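Chemist: Chains as they are written, first to last, in my numbering: chain A, 1 to 361; chain B, 1 to 361; chain C, 1 to 361; chain D, 1 to 361.
Please keep in mind that the hints were generated in silico from the structure rather than gathered at the bench. Hints are not guaranteed to be accurate.
Intra- or inter-copy, both count: the list cannot distinguish identical chains.
What the hints assert, rightly or not - Taking lysine-lysine pairs in the DSSO-like style, the calculated list, with each CA pair at most 27 Å apart, reads:
#1 357 to 161
#2 333 to 38
#3 161 to 333
#4 88 to 357
#5 95 to 357
#6 36 to 85
#7 357 to 24
#8 24 to 95
#9 111 to 38
#10 357 to 36
#11 24 to 85
#12 95 to 85
#13 24 to 111
#14 38 to 24
#15 111 to 278
#16 278 to 161
#17 95 to 161
#18 111 to 36
Every value quoted in this text rests on a predicted model; they were computed, and no experiment measured them.
4 protein chains.
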Amino acid sequence: MSGLPTEKKTDERNESATMLILMKPQATAEQIYRIKEKIDAMGYEAHEIPGATRIAIGITGNEESLLPDAFMYLDGVEEAVPVTKPYKLVGRHGKVGDTVIAIDGVAIGGKELVIMAGPCSVESREQLSATARAVKNAGATVLRGGAFKPRTSPYAFQGLKEQGLMLLQEARRETGLKIVTEVKDIRTLGAVNAATDILQIGARNMSNFSLLEAVGELRTPILLKRGISATLEELLMAAEYIVARGNTNVILCERGIRTFEPSTRFTLDLNAVPMLKKQSHLPVIVDPSHGIGIADGVPAMAMAAIAAGADGLIVEVHPDPATAKSDGGQSLKPETFATLMDRLRMLAPCVDRTLTKGNSI
Amino acid sequence: MSGLPTEKKTDERNESATMLILMKPQATAEQIYRIKEKIDAMGYEAHEIPGATRIAIGITGNEESLLPDAFMYLDGVEEAVPVTKPYKLVGRHGKVGDTVIAIDGVAIGGKELVIMAGPCSVESREQLSATARAVKNAGATVLRGGAFKPRTSPYAFQGLKEQGLMLLQEARRETGLKIVTEVKDIRTLGAVNAATDILQIGARNMSNFSLLEAVGELRTPILLKRGISATLEELLMAAEYIVARGNTNVILCERGIRTFEPSTRFTLDLNAVPMLKKQSHLPVIVDPSHGIGIADGVPAMAMAAIAAGADGLIVEVHPDPATAKSDGGQSLKPETFATLMDRLRMLAPCVDRTLTKGNSI
Amino acid sequence: MSGLPTEKKTDERNESATMLILMKPQATAEQIYRIKEKIDAMGYEAHEIPGATRIAIGITGNEESLLPDAFMYLDGVEEAVPVTKPYKLVGRHGKVGDTVIAIDGVAIGGKELVIMAGPCSVESREQLSATARAVKNAGATVLRGGAFKPRTSPYAFQGLKEQGLMLLQEARRETGLKIVTEVKDIRTLGAVNAATDILQIGARNMSNFSLLEAVGELRTPILLKRGISATLEELLMAAEYIVARGNTNVILCERGIRTFEPSTRFTLDLNAVPMLKKQSHLPVIVDPSHGIGIADGVPAMAMAAIAAGADGLIVEVHPDPATAKSDGGQSLKPETFATLMDRLRMLAPCVDRTLTKGNSI
Amino acid sequence: MSGLPTEKKTDERNESATMLILMKPQATAEQIYRIKEKIDAMGYEAHEIPGATRIAIGITGNEESLLPDAFMYLDGVEEAVPVTKPYKLVGRHGKVGDTVIAIDGVAIGGKELVIMAGPCSVESREQLSATARAVKNAGATVLRGGAFKPRTSPYAFQGLKEQGLMLLQEARRETGLKIVTEVKDIRTLGAVNAATDILQIGARNMSNFSLLEAVGELRTPILLKRGISATLEELLMAAEYIVARGNTNVILCERGIRTFEPSTRFTLDLNAVPMLKKQSHLPVIVDPSHGIGIADGVPAMAMAAIAAGADGLIVEVHPDPATAKSDGGQSLKPETFATLMDRLRMLAPCVDRTLTKGNSI
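Given these sequences and hints, build the entire structure.
Modeler: This is the structure:
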């Protein structure tokens, strides 16, 4: 390889083995040698661990996380087991306590629950203003609304774009609500970032690493939605992409995964809440609207999410769901949302949380 | 077909179309004729519904539910859409109000939550008695415990069998708790039925129709667990098998489905709670222990299940999970269970439920 | 535990560690002690394997396979890794060469491909006889046909039962084809076994362990279908149930798994063919009819299955699919089947197989 | 909504109903009125279709495809059934015959199979050159190799980037092979496009609509990989995004979907081949390397893909898989690849295809 750069390995050594390679009982000395040579070539250290009938090889010295793929299928290998998690910055082992993200009076990840609510898409000044006032009165502190919409069909409504952003800012001025809206590509990132308090990375973009890196350069809080078939570890790795660039303000969001069940839009995986809380110090919120996809099931799943320990919710509310340009079938009417908020207020103390009452504007 | 019986059609006609067959715009008259002939041959009535550019054919007169398979792939057919649900007796349309199953002082499906708790397997008199007393004190009213265990490996512990049943009955005498235990085949059904208050059909047997028919002949309440890859409709169809034989005492149980997520044992599908409640009048309980499979996530999911509207829970509790012969990793210690019960007692009124305190014995 | 039997451990020791327990770096001496105590209590031997910063504990001496569940979630444990497969008799390590099952002139698992074909359900003498002659002429050697049908709906056609068995035997006498038919419960096992050459265990019964044990007592070849959400390891464990009872004549069958994809009935997992062949010495056949569920996709998947290395196929063929009582949408017409067989005959040598021509009767 | 643009509807009317809304039997006149009003507000025409006991409403006049979501959950609605496919340009109904994409002597989608082969990542001049010569000799006509690599971990090797592109062009000059390489974002699209013959959109970017639109503006052939949890319809909709912008040179690629099966990296869904071929005129190729993820299963799945009717393959080949920086476990050695190519050459005529011999360079 003439003149091309080699990967640099740092001197800083992580003394704990991060991968354990279990050799087959019948593995030959030559196979074992090949494995150790490979580890060496990668710039790490191999440690032979002799057992009764087989040997294991531990790897240390790697700053980067290793993936089992690199060893799993080599000759003589029975199994390659990562024994430390592949993420570092977002994991509990790297930080004491929980991350609380404060946005000018609204704290996400603290004792007070945070409720984000609003329409799927910003459709008009009237629609957004009516929704914003309603959700504010009911106690929400963040207004959601899509301006740039990623849609499965190239022929579907793609959002009001810049005009949508403008309307969101008007609604913020009018109500004092913080804004969360989705950014769907790097090209529009500047404009969206300038207009919002929280940037949403949608489920389809959870593995759009270029976009993750770009928002990692910002300091705006990022609402990172789980991809519909992403494992929890992959969600944490996506967060790691952002945090590794310096933006530590990441909010994880469970919003339903794709399974075989056809009667709901997705399967809301509330197991994710205790699991993510256990692994990571980042705040975790839940989107029950996409998670079940049917409006009359949303309140039940919103309650369940908070009972499971979520730090907050993001809920679709529309003044007239039947005429919504997108997601009408899963949007709550403002009065149903207000009733739900009253229930959530009763529920909060059962999980050592608070939910302050809204005040009319 | 010489001398073999034909399927009998009853005179009782259901006047509402149960399947709508949408023909392709270019479907030929002969293809339409074939479809109608097939419907006729099945003993039903075909109704042509002309549209602008295509026709649809409605089917009436079938007492049995039809499955789209029968028509979906025939020539000229665009789509076959069942427009009534394939289940009848377990659906809300067939009954006003909710089914409440009363077992001598314990009501399942009413305002009071029902908590079933106990070890995965009955292992010994001491283990069962200690668990029974602990869960009774904490407020459970039903004791769970497996005597005949279906196990993935033929080499794994298969339960204490008849001796397990005997120990369950002892525990009932001692504590007054009702008993729920699994029946895994027809051969042992008599013995298990004689020893228990509620018969559990495990997830692996949800589609064991011979067993469903056999328990349909009994009047013992049946706890029917959802198969790990069963749709909600299939769960309701399995319940229909039981109810169609005359046993209306069926309790549905969500216990986690199999998905791609590797960090939890199953994915607890709490969407199932509002969805089943909407479709069916039968009580719905949740098994958070199998649903997440990791003890320290169980309390969160138990809370979530009740917040989602479940009528109760079935929870694994073991006096010493580290030595359990099965499912130790997902069993709660008695003291953790007691703390959870206190939380559930706080939560109950938030969903218009009650949960009575236990009393020590 | 007064007077109840303890699990017996045999003296025969398997010297190779079967599970490796990786402790956390911060695991305490007391946690390590507890693990070793538990292993001891189970009658096995614990071997401490010291590493740079953590220790691992290997387990030997267990005759039964161990499941990671037993250790995975205990305090101080990072990971429990099974390092030998949980099945023994069906694995390649336990036997040299491939199992070939010979049934009076038909060999399954040898160089000659075996093609099983026929209707989903036996419906009438005419239907079965016409199909049997057609598939025989095309080169099939085994006739499939369901007499006892497990159906999702209690209201669907459940098969001709005993009369169906009688018709299958007539068809055998007439054509010389071997018979494969499904047994759905223990109660009818005797009758079905008496009438057939190969007993099919359907996908829904793959984890019906009582039925597996019962057919394990027979010597009739068993066609074991993979459950729709069973892992390959679970399929092999189900086979192990049968073989452990003494019936070594097990044929594994991939028939499609349940995934999120809605346009096909199931997702035919042909990866299963090389994976099962690698792990096990048992013959592997494929059911492309259920695997895709749409007749005009069946020939492509039949070809693919053989190209992937399957030992044979089981295919649904019906003289008039449009009038079939079940699975009409996925059944081939006899002439399409004959064309497919000609293609398969061309394909066979590409994978070092043969497929003999049929001869008319 | 002051001054914001309304969605434009064209005059061009599609006379065939594209959605059928089935009302509940008990739907009120007012509910029916609301539905029709909504359809009207969207600029389409509603057609009432009276049935025996319920009515259906057909929708015509929409140029854009409609999604069931818009109606499915409205009051009084039983079901909303799309009766035309949501894609237009990529569907068979919109075009006679198959699309064949010709790149200067290599035709994709014609009678000759196209085999793309090469390393996962371009690692060095020596590695790429050795691989290119080997796959050319074996009969491949397109060289694959990643220069910009999307990786789950921010710490994993991300590719040689611009230097990788340069090496790919060198290999093209040296061997005459066409080049296919992945583009992971809009920012690097210009550079990648200038260096390659075929642009690959990876599975993670299948729903990155901004990127799809950008490549739609080009005329470079696009190899569009199916997302790991994308339905076939969603894959076709992603292709529609590209074709709708004017780039009709789209090659669909099945590469495995995520399921519950843990023993393989993905589940290769070969059902996709006949299904996509039936729905669309675009060429379909298969990636068996990712589809099974284990090198010794790749040849079987490559054979199966061609037997299922695929137009070609994309296969990972590496001169020394054990030292590969990515995907070593699923890469074939050059000699295994050459043997596979010989087998594929035997197989081709069984599916009316050809595969020309390579010639050494």
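Chemist: Now tell me, hint by hint, if it's right for this structure.
Modeler: Each hint, compared with the structure:
no., hint, result
1, 357 to 161, "neither (32 Å within a copy, 53 Å between copies)"
2, 333 to 38, "between (60 Å within a copy, 17 Å between copies)"
3, 161 to 333, "within (24 Å within a copy, 50 Å between copies)"
4, 88 to 357, "neither (38 Å within a copy, 44 Å between copies)"
5, 95 to 357, "neither (33 Å within a copy, 40 Å between copies)"
6, 36 to 85, "both (22 Å within a copy, 25 Å between copies)"
7, 357 to 24, "neither (62 Å within a copy, 39 Å between copies)"
8, 24 to 95, "between (37 Å within a copy, 18 Å between copies)"
9, 111 to 38, "neither (49 Å within a copy, 40 Å between copies)"
10, 357 to 36, "neither (62 Å within a copy, 39 Å between copies)"
11, 24 to 85, "both (24 Å within a copy, 12 Å between copies)"
12, 95 to 85, "within (14 Å within a copy, 38 Å between copies)"
13, 24 to 111, "neither (50 Å within a copy, 31 Å between copies)"
14, 38 to 24, "both (17 Å within a copy, 26 Å between copies)"
15, 111 to 278, "within (17 Å within a copy, 33 Å between copies)"
16, 278 to 161, "neither (38 Å within a copy, 37 Å between copies)"
17, 95 to 161, "neither (38 Å within a copy, 34 Å between copies)"
18, 111 to 36, "neither (49 Å within a copy, 41 Å between copies)"
The structure is inconsistent with the numbered hints 1, 4, 5, 7, 9, 10, 13, 16, 17, 18, although it conforms to all the rest.
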